[in-house]
Every structure is written in C-alpha cells, then in structure tokens.
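All chains, please: the whole structure from these sequences, using the hints.
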Amino acid sequence: MRLVLDTNTLVSGALWHGAPHLLLEAARDQRFTLCTCHDILLELLCVLNRPKFTARLKLTSITPRKIIKEYLRLAVMIQPPVIIPKISRDPTDDIVVACALQAGAYAVVSGDKDLLILKSYQGIHIIDPVSALQRLP
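Following UniProt numbering, the numbering of the sequence shown begins with 1 at its first residue and continues without gaps.
None of the hints are false.
Using C-beta positions, here's what the derived DEER-type ranges look like:
1. Gln122 - Thr92: 17 to 25 angstroms
2. Gln134 - Trp16: 18 to 26 angstroms
3. Ser61 - Pro91: 30 to 38 angstroms
Below 25 angstroms or equal to it, Euclidean Cα-Cα: the simulated SDA-like pairs (lysine to any residue) are:
4. Lys58 - Glu43
5. Lys52 - His38
6. Lys58 - Cys46
7. Lys86 - Asp114
8. Lys66 - Val76
9. Lys86 - Asn8
10. Lys113 - Asp94
11. Lys52 - His21
12. Lys52 - His17
13. Lys86 - Gly123
14. Lys66 - Asp29
15. Lys119 - Asp94
16. Lys66 - Thr54
17. Lys113 - Arg2
18. Lys86 - Val76
Source of the hints: derived by calculation from the structure; they are not laboratory data. Glycine included, C-beta positions come from ideal geometry on N, C-alpha and C.
Below, the structure written as structure tokens:
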C-alpha cells in the first residue's frame with residue numbers, strides 16, 4: 001500500500017506521539033510504502049524551521065535536518081506532474097494530492113480540513129491518520 005503523508009501529519013509524527021507517530025513507525029516497519037516529492041520535502045523543511053517548533057525540537061533533541069534525513073530514508077521520491085490540478089480549496093495542498101496520483105497511492109493522509117473535506121480524488125482516498133492506521137495490513 002502506498003501512502004502520501006501531508007506536512008502536518010509528518011510534523012506531528014516526528015515531534016509528538018499519537019497516530020501520526022505510529023504511521024511513521026509503520027513506515028519504518030515497512031507496513032506501507034511512504035511516497036513523497038520534492039515540494040512536500042521543501043514544505044516540511046520550511047515548517048520545521050518555524051519558530052513555533054523551536055522549543056519542541058529542543059525538547060525532543062532532534063533537528064530539522066535529522067527529521068528530513070530519516071524521512072528521505074523512509075520515502076520513495078515521486079516526480080509530480082508538471083501541471084498540478086486545482087483540487088483543494090487551499091491551493092498549497094494540491095501538490096500532495098498530485099504526488100499521490102503520480103505515485104498510484106492508496107491515500108493521502110492528512111489532518112487538514114481543506115483536504116479531508118474532499119474524502120477522495122480520482123480514486124485516491126483522503127483520510128486522517130487514525131483511519132490510515134486502521135487500514136494498514
């Protein structure tokens with residue numbers, strides 16, 4: 001099963017416990033194939049460097065660089081389509097769905113209401129982390 005995790009799920013999984021963290025553990029255990037693309041990677045790096053995460057990063061003794069390195073070790077890089085379709089009411093979310101389409105993913109995993117409201121797009125499920133965990137083998 002191929003999944004694309006959006007940035008909020010990745011950050012939550014890297015910095016806190018809960019369903020997003022368990023998803024990253026499942027990726028480490030090869031229970032699914034984590035797919036990503038360059039744009040998601042760049043957004044993750046930008047988000048991790050926001051001041052609001054500085055204290056949490058220090059508390060967990062982890063750096064954005066270490067998170068990115070581990071993410072790259074777990075994920076398969078996908079080349080997204082040149083033209084990104086308009087999908088979500090938040091255009092910055094469109095790359096996540098485009099990556100999932102290109103990867104032939106089962107689902108996009110997100111906590112973002114702008115994505116979750118879609119429920120699916122062209123056969124790609126859009127689900128929250130708890131639902132993703134329930135569907136893993």
